[in-house]
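These protein sequence lines map, in sequence, to chains R and H.
Okay, so the first sequence: first residue is 1 according to my numbering, each after it adds one.
Okay, so the second sequence: first residue is 1 according to my numbering, each after it adds one.
One should not assume that every hint holds.
Here are the computed distance ranges between Cβ atoms for each label pair [said to hold, decoys possible]:
1. 5(H) to 73(R): 19 to 27 Å
2. 173(H) to 5(R): 17 to 25 Å
3. 92(R) to 100(H): 19 to 27 Å
4. 162(H) to 73(R): 46 to 54 Å
Lysine to aspartate or glutamate pairs mimicking DMTMM-like chemistry, simulated, CA-CA at most 25 Å apart [said to hold, decoys possible]:
5. 17(H) to 43(R)
6. 152(R) to 43(R)
7. 169(H) to 47(R)
8. 42(H) to 137(H)
9. 60(H) to 24(R)
10. 66(H) to 37(R)
11. 60(H) to 104(H)
12. 172(R) to 141(R)
13. 169(H) to 141(R)
14. 66(H) to 27(R)
Just so you know, these hints were derived from the structure itself, not from any lab.
Keep in mind that this is a model prediction, so the values were computed, not measured.
Backbone N, C-alpha and C define an ideal beta-carbon position, used for all residues, glycine too.
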Amino acid sequence: MTLEEIIESGKLEMYVCGALPPDEALEVENAIETYPEVKRETELIEESLLQLAETVSPPLQVMVWTNILNAIRNIKTIDKSKVRKLNLPAIIGWAAAIVFMGGIMWMLKQTNDLNNSLRVTTTENTVLKEEKNKVETQLAESSEVLDVLRSKDYQSYTLPGNQAVAPDAFAKVYLNKKESVAYIDTKGLPIPPRGKVYQVWSLKMEPLTPTSVGLISPENLKGDGIYKFVDFPDPEAFGITLEPAGGSKTPTLSQLYILGKVNI
Amino acid sequence: MEQPDDLIIAMQNGDEKAFSRLYSMYSQAIYGIIYSIVLDEKIAEELLQDVFIKVWNNAKTYSVNKGRFFTWLLNIARNTAIDATRSKAFKNSRKNLSTTNFVDILSSSDSLNKKTNAIGIKKFVNALKPACIKIIDLLYFKGYTQAEASKTLEIPLGTIKTRNRTCIKDLRVMILG
Chain R
1 MTLEEIIESG
11 KLEMYVCGAL
21 PPDEALEVEN
31 AIETYPEVKR
41 ETELIEESLL
51 QLAETVSPPL
61 QVMVWTNILN
71 AIRNIKTIDK
81 SKVRKLNLPA
91 IIGWAAAIVF
101 MGGIMWMLKQ
111 TNDLNNSLRV
121 TTTENTVLKE
131 EKNKVETQLA
141 ESSEVLDVLR
151 SKDYQSYTLP
161 GNQAVAPDAF
171 AKVYLNKKES
181 VAYIDTKGLP
191 IPPRGKVYQV
201 WSLKMEPLTP
211 TSVGLISPEN
221 LKGDGIYKFV
231 DFPDPEAFGI
241 TLEPAGGSKT
251 PTLSQLYILG
261 KVNI
Chain H
1 MEQPDDLIIA
11 MQNGDEKAFS
21 RLYSMYSQAI
31 YGIIYSIVLD
41 EKIAEELLQD
51 VFIKVWNNAK
61 TYSVNKGRFF
71 TWLLNIARNT
81 AIDATRSKAF
91 KNSRKNLSTT
101 NFVDILSSSD
111 SLNKKTNAIG
121 IKKFVNALKP
131 ACIKIIDLLY
141 FKGYTQAEAS
151 KTLEIPLGTI
161 KTRNRTCIKD
171 LRVMILG
């Protein structure tokens, strides 16, 4: 194609409009590179079309450019701030959150431990209080026994073991005849077999009349191995027999462990 | 006008100033193209923003050795505007788009842009033959291909190019003297 043919073909106008098929567009581009006249012609076509479009355009507001600029800058700024946020404040934030969580966990654990030890201490206190009460009770009992021993109203007797049944046994009796009160110390008696219990008898000699004073059993206990008995007939002697649990109405003489006079 | 290849290459390398210069050279014409398609100033302004943001983001896809920069802009602008007219909301709000051309806009508009020769151009453009108005409207403003224009105007395919050349030649005389 000659220079004239290209210009007259109408391809340059179509090329500027963007309506030319790719192969013909390539042809035009080669011609533009080869002939400065074709280039010039193309520029003039473009210029007239551009001015035509400008004529049709309403007034252009300055804000449009400002918005475009903001839009393309925002894209940049977001990219930068993303990186920066990842680098510092985010890391500090997470680190702080982790430390904070750790602190809370530690404090919860401390509180829990303190609660536990408080509970243990409270339990210990209760146990100690109970022990104290027990000791106080024992002390009161012991003082009572001690008062008895020191009192002039009480006579003390050592009752020997029955030679036939328990030659080594003995029992001590503290007796207040006036008020009919007796404390019996059983330390010298052997431990009774299972299902058996010692029973104390008040004895009149002429004729021999036994009256039950009571059982050597916890309800009469008044201290370490010392039992208290009240309200029994004025005795001439005391006997202690081994009886079935619950005691008997009359003494089983074959199981007479202790026998001793108290009227001296 | 010689194409400012230096500015285009600078913009492709992220130079905002070069982009700003290119914007002032081409934005008014591109705005005119978009407006001639959507016929609404607010919508056309928004689309013009979209077009130039696309230009900035896709600057590297243009090559100064292949095609005119103005033609590249034209294609982006026409595609963006035509896409917008296909949205449901747009279709519901207006009608008769296809029958309105650039001469109708020129005749009805009383707020032509500040260019000093606008009034003169208006007078000349009104003198364009109706057949020329049609063909320039389709090929230039609406982005029709040769074949599409041939079918719409019922002109043989071979005649389109020469008819278009004659019309633009008339236009050149009116505008550039």
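Taking the hints in turn, this is what the structure says about them:
1. 5(H) to 73(R): 19 to 27 Å: For residue 73(R) against residue 5(H), whose Cβ atoms are near 25 Å apart, the range 19 to 27 Å holds.
2. 173(H) to 5(R): 17 to 25 Å: holds (22 Å)
3. 92(R) to 100(H): 19 to 27 Å: violated (60 Å)
4. 162(H) to 73(R): 46 to 54 Å: For residue 162(H) and residue 73(R) the Cβ distance comes to about 48 Å; the hint holds.
5. 17(H) to 43(R): holds (24 Å)
6. 152(R) to 43(R): violated (148 Å)
7. 169(H) to 47(R): At roughly 12 Å apart (the allowed maximum being 25 Å), residue 47(R) and residue 169(H) satisfy the hint.
8. 42(H) to 137(H): holds (22 Å)
9. 60(H) to 24(R): holds (24 Å)
10. 66(H) to 37(R): At roughly 18 Å apart (the allowed maximum being 25 Å), residue 37(R) and residue 66(H) satisfy the hint.
11. 60(H) to 104(H): Violated, at roughly 37 Å.
12. 172(R) to 141(R): holds (18 Å)
13. 169(H) to 141(R): Violated: residue 169(H) and residue 141(R) sit about 138 Å apart, past 25 Å.
14. 66(H) to 27(R): holds (11 Å)
Checked against the numbered hints above, the structure violates hints 3, 6, 11, 13; every other hint is satisfied.
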